[in-house]
Amino acid sequence: MMKSLKALFSSDYGMLGALLFLCVFFSLVTYEQQQPVGDMGAKILVEKIREKFSEPGSVLIMGKKGTDGKAFVNGLKRRLNTDGWEVKQDLTGGPPELSKALRNTFENNSSVDLLACEQFFARLPMLENLENTSSLGKKMLVMSPASYGWPNFLKTSNLLNVANQIAVIAILAIGMTLVIITAGIDLSVGSLIAFSAVFASWTIREWTGGTEASVLGIILGCLISLMACGGLGLFSGLMIACYGVPPFVASLGMMMIASGLAYMLSGGLSIYQLPESFDWLGRGDDLAGIPNAVVLMILLYFFAHLLMSRTTAGRYVYAVGGNSEAARLSGVPVKRILLCVYAASGTLAGLGGIVMASQFRSGDPKYGLMYELYVIAAVVVGGTSLSGGKGKVFGTLIGAFIIAVIQNGMNLTGVQSYTQKVVLGMVLLGAVLLDMLKKRGWRFSS
Amino acid sequence: MKTSILFSYRLIFSLFAAYFLGCGGEGEEVGMESAEDLDSESKGIIGVSVLTMGNPFFSVIANTITSEAASHGYEVIVVDGDRDVQKQANQIDDFITKGVSAIILNPCDRISIGAAVKKANEAGVPVFTCDLKCVAEGAEVVSHVGSDNLQGGKLAGEAMIEALDGMGGKVLVVHFPQANSCQLRVEGFKEVIQIHNQRNETEKIVVVAELDGGGVRDEGYKVTEDTMQAHPDLAGIFAINDPSALGARAALEKAGKQNQVKIVAFDGQPEGKQAIKEGKIFADPVQFPDQIGKKTVELIISYFNGKEVPSEVLIPTALYTQADGLKDPELK
Chain H
1 MMKSLKALFS SDYGMLGALL FLCVFFSLVT YEQQQPVGDM GAKILVEKIR
51 EKFSEPGSVL IMGKKGTDGK AFVNGLKRRL NTDGWEVKQD LTGGPPELSK
101 ALRNTFENNS SVDLLACEQF FARLPMLENL ENTSSLGKKM LVMSPASYGW
151 PNFLKTSNLL NVANQIAVIA ILAIGMTLVI ITAGIDLSVG SLIAFSAVFA
201 SWTIREWTGG TEASVLGIIL GCLISLMACG GLGLFSGLMI ACYGVPPFVA
251 SLGMMMIASG LAYMLSGGLS IYQLPESFDW LGRGDDLAGI PNAVVLMILL
301 YFFAHLLMSR TTAGRYVYAV GGNSEAARLS GVPVKRILLC VYAASGTLAG
351 LGGIVMASQF RSGDPKYGLM YELYVIAAVV VGGTSLSGGK GKVFGTLIGA
401 FIIAVIQNGM NLTGVQSYTQ KVVLGMVLLG AVLLDMLKKR GWRFSS
Chain A
447 MKTSILFSYR LIFSLFAAYF LGCGGEGEEV GMESAEDLDS ESKGIIGVSV
497 LTMGNPFFSV IANTITSEAA SHGYEVIVVD GDRDVQKQAN QIDDFITKGV
547 SAIILNPCDR ISIGAAVKKA NEAGVPVFTC DLKCVAEGAE VVSHVGSDNL
597 QGGKLAGEAM IEALDGMGGK VLVVHFPQAN SCQLRVEGFK EVIQIHNQRN
647 ETEKIVVVAE LDGGGVRDEG YKVTEDTMQA HPDLAGIFAI NDPSALGARA
697 ALEKAGKQNQ VKIVAFDGQP EGKQAIKEGK IFADPVQFPD QIGKKTVELI
747 ISYFNGKEVP SEVLIPTALY TQADGLKDPE LK
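First to last, the protein sequences are chains H and A. So the first sequence is numbered by this note's numbering: it starts at 1 and just counts up by one. So the second sequence is numbered by this note's numbering: it starts at 447 and just counts up by one.
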């Protein structure tokens with residue numbers, strides 16, 4: 001048992017085990033009664049109605065606002081109509097709409113045998129009061145689809161949320177992984193998110209048409225912003241590679257510069273004069289319901305994985321981090337590699353910023369605050385060593401998901417946000433501890 | 447070496463175990479019942495995401511909401527938006543996943559949060575806001591409860607006139623223009639000052655600068671110090687909240703001008719009230735976060751009862767002076 005566990009944590013993607021463990025764990029703790037929605041809910045409720053009523057009567061159908069509510073109402077109406085029920089009224093909305101509908105029905109002195117609605121309505125206090133006040137209301141039966149047990153965590157919508165919520169950080173973490181493999185660090189990525197979001201929004205607002213901007217205008221605005229972020233990253237790289245400024249200091253400077261630029265461009269306010277089609281990247285889900293940002297993230301990871309494991313450039317990055325002097329002597333273009341790595345980190349941060357701007361259809365200089373720390377945490381939890389030369393891109397993806405799953409799970413179980421910070425900190429330390437133990441052959445002192 | 451390995455595993459897993467036990471208890475309370483047994487204890491969950499728990503104003507709102515909702519049989523989950531709109535959007539996603547009956551927000555950004563509010567609209571979860579508004583296009587908020595900031599600003603203007611005792615003088619406004627509420631406060635303040643100036647040709651009150659104090663102590667300190675360089679004869683300061691007023695006060699004390707310059711602030715947080723009692727701040731139009739929380743729950747309950755609710759409810763502020771501070775049993 002001990003041996004197999006050790007083997008699991010020793011492997012390159014040892015954190016995968018930890019991620020699976022977390023998923024199982026949160027599935028267990030978020031097991032709850034779920035309310036069926038949409039057409040599924042209608043189907044379940046019709047079964048129940050058929051059991052309860054031997055012959056059809058009159059019915060009032062009520063669903064919530066939104067697509068699910070409409071699907072519920074339409075599905076129910078269709079099925080009950082074929083069963084011979086008289087559908088007195090069918091509507092979607094909130095409690096006031098339901099109350100009005102019921103009042104109208106009872107004031108006309110017409111009786112309704114059944115109120116078929118989603119569980120949200122069946123639980124409202126107004127229906128209890130109704131029983132006490134109106135004799136017609138007393139006769140009316142309220143039915144809603146029976147709930148079923150399923151973990152909140154494992155709902156498809158939630159799993160997609162988890163992936164969507166971590167997409168920005170995971171995209172940035174690719175660049176950070178490369179930087180950390182070269183034994184550097186890039187603190188500027190959080191500010192670059194803000195800069196990129198603001199700069200892209202600003203360009204679209206000022207130059208390519210604002211809310212009327214065409215798709216070409218949007219792409220142009222985003223490309224300009226990406227290039228600017230790449231340029232800023234390149235500038236940090238120049239400081240580090242050519243002038244020997246420590247990465248910590250160079251990127252700290254860039255962090256302030258980028259944040260300041262974002263505030264200057266936006267005047268401290270969010271820029272929201274953007275066209276609706278700008279949402280596509282951040283809010284669209286064209287591929288089988290998977291959010292576009294997540295698809296982009298997965299593509300980037302595959303690309304980065306190929307780059308790092310199959311190309312000379314990838315091997316060079318490891319070589320620079322392992323021992324830069326030895327790499328230089330054996331003909332690796334150390335300076336060029338460092339420049340490229342920091343430019344890549346800047347560009348990816350810019351891309352993250354554009355995803356975020358698209359998610360919120362606005363650019364705000366307050367975006368990305370402290371994100372650099374989450375990004376670094378994802379890389380470290382993913383098993384990349386801060387001393388350089390070692391690390392896997394997919395390890396970082398797993399690290400990012402570990403952080404996302406913990407955050408999501410804690411939100412779902414209602415853990416206070418202060419406690420969440422403590423837990424995340426402990427996970428980070430735990431991951432580093434594991435890394436150390438692994439290196440020292442599972443011994444505490446070296 | 448076997449013991450050390452064992453120890454390390456124990457350490458790591460005990461963390462998870464501790465966490466597991468902590469949650470297990472909470473999880474049991476969150477029971478959702480099928481429609482048949484409606485008369486069970488919890489009628490549903492209300493999800494609350496506040497702007498920041500770092501400001502006592504919002505924790506008072508959250509605590510009042512929790513206790514008020516509990517008295518109506520609803521359970522409340524409070525999360526901290528931490529001024530981060532992305533974080534708050536994620537929290538709203540999680541609320542929808544959890545199947546809450548209603549969501550209460552203090553939006554971290556009045557426009558950017560719109561996307562998340564629309565998601566809640568789409569899922570049919572009613573959204574209420576308090577203190578801060580959501581003004582995003584197409585995002586539906588059932589109802590908003592907040593302080594009447596315009597009326598509060600007017601009270602502050604009247605307090606400033608009183609503080610300057612009929613004499614005119616130069617006034618600095620320590621602003622926070624990003625917040626809509628602060629813009630209303632300053633608007634109300636300037637309105638009253640303008641009327642005063644029309645009546646008094648000789649003793650005018652002149653707003654010489656409106657500077658961004660960020661609503662925090664250190665920025666309030668800086669802008670006050672800078673303004674005193676340009677206007678050594680400053681007579682008054684209106685700060686849009688207590689922290690920036692206290693920062694301004696610190697700058698005055700350092701320059702030895704605390705008796706020359708009168709401060710009027712806003713909010714009535716405990717430390718602000720204490721400062722009023724000690725005469726460091728002249729007066730505050732105070733907000734009532736408890737009433738804001740209470741009113742919000744009241745609106746949700748009447749909404750659940752099928753009543754039409756107003757789209758906005760404003761709670762008037764009241765002026766808090768040194769006399770109130772001396773009587774206040776909550777102060778030391």
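These are calculated hints, taken from the structure and not from any lab test. Since the structure is predicted, the reported quantities are computational estimates derived from the model, not experimental observations. Worth double-checking, as some hints may not be accurate.
What follows is a set of in silico ranges between Cβ atoms, one per label pair, in the way DEER data are often shown [what the hints assert, rightly or not]: (1) H:Glu325 / A:His677: 30 to 40 Å; (2) A:Leu777 / H:Thr67: 51 to 61 Å; (3) A:Glu744 / H:Leu386: 23 to 33 Å; (4) H:Asn81 / A:Ala764: 56 to 66 Å; (5) A:Asn626 / H:Thr67: 48 to 58 Å; (6) A:Asp611 / H:Gly253: 19 to 29 Å; (7) H:Ser330 / A:Arg529: 43 to 53 Å.
No farther apart than 30 Å at their CA atoms in a straight line, the calculated lysine-lysine pairs in the DSBU-like style are these [stated by the list, open to error]: (8) A:Lys565 / H:Lys421; (9) A:Lys740 / H:Lys65; (10) H:Lys438 / A:Lys741; (11) A:Lys753 / H:Lys100; (12) A:Lys579 / A:Lys773; (13) H:Lys421 / A:Lys579; (14) A:Lys565 / H:Lys43; (15) H:Lys77 / A:Lys564; (16) A:Lys564 / H:Lys43; (17) A:Lys533 / H:Lys392; (18) A:Lys565 / H:Lys70; (19) A:Lys740 / H:Lys70; (20) H:Lys77 / A:Lys565; (21) H:Lys421 / A:Lys533; (22) H:Lys155 / A:Lys741; (23) A:Lys579 / H:Lys100; (24) A:Lys533 / H:Lys155; (25) H:Lys65 / A:Lys533; (26) H:Lys155 / A:Lys740; (27) H:Lys392 / H:Lys439; (28) A:Lys564 / H:Lys65; (29) A:Lys564 / H:Lys70; (30) A:Lys741 / H:Lys65; (31) A:Lys564 / H:Lys421; (32) A:Lys753 / H:Lys421; (33) A:Lys753 / H:Lys77; (34) H:Lys139 / A:Lys753; (35) H:Lys100 / A:Lys533.
Using N, Cα and C, we set each Cβ at its ideal position, and we do this for glycine too.
The hints, checked one at a time:
no.	hint	verdict
1	H:Glu325 / A:His677: 30 to 40 Å	violated, 60 Å
2	A:Leu777 / H:Thr67: 51 to 61 Å	holds, 53 Å
3	A:Glu744 / H:Leu386: 23 to 33 Å	violated, 53 Å
4	H:Asn81 / A:Ala764: 56 to 66 Å	holds, 59 Å
5	A:Asn626 / H:Thr67: 48 to 58 Å	violated, 32 Å
6	A:Asp611 / H:Gly253: 19 to 29 Å	violated, 50 Å
7	H:Ser330 / A:Arg529: 43 to 53 Å	holds, 49 Å
8	A:Lys565 / H:Lys421	holds, 26 Å
9	A:Lys740 / H:Lys65	holds, 26 Å
10	H:Lys438 / A:Lys741	violated, 57 Å
11	A:Lys753 / H:Lys100	holds, 9 Å
12	A:Lys579 / A:Lys773	violated, 34 Å
13	H:Lys421 / A:Lys579	holds, 28 Å
14	A:Lys565 / H:Lys43	holds, 25 Å
15	H:Lys77 / A:Lys564	holds, 26 Å
16	A:Lys564 / H:Lys43	holds, 27 Å
17	A:Lys533 / H:Lys392	holds, 28 Å
18	A:Lys565 / H:Lys70	holds, 15 Å
19	A:Lys740 / H:Lys70	violated, 33 Å
20	H:Lys77 / A:Lys565	holds, 25 Å
21	H:Lys421 / A:Lys533	holds, 13 Å
22	H:Lys155 / A:Lys741	violated, 34 Å
23	A:Lys579 / H:Lys100	holds, 28 Å
24	A:Lys533 / H:Lys155	holds, 20 Å
25	H:Lys65 / A:Lys533	holds, 25 Å
26	H:Lys155 / A:Lys740	violated, 34 Å
27	H:Lys392 / H:Lys439	holds, 16 Å
28	A:Lys564 / H:Lys65	holds, 11 Å
29	A:Lys564 / H:Lys70	holds, 16 Å
30	A:Lys741 / H:Lys65	holds, 25 Å
31	A:Lys564 / H:Lys421	holds, 28 Å
32	A:Lys753 / H:Lys421	violated, 40 Å
33	A:Lys753 / H:Lys77	holds, 26 Å
34	H:Lys139 / A:Lys753	holds, 22 Å
35	H:Lys100 / A:Lys533	violated, 37 Å
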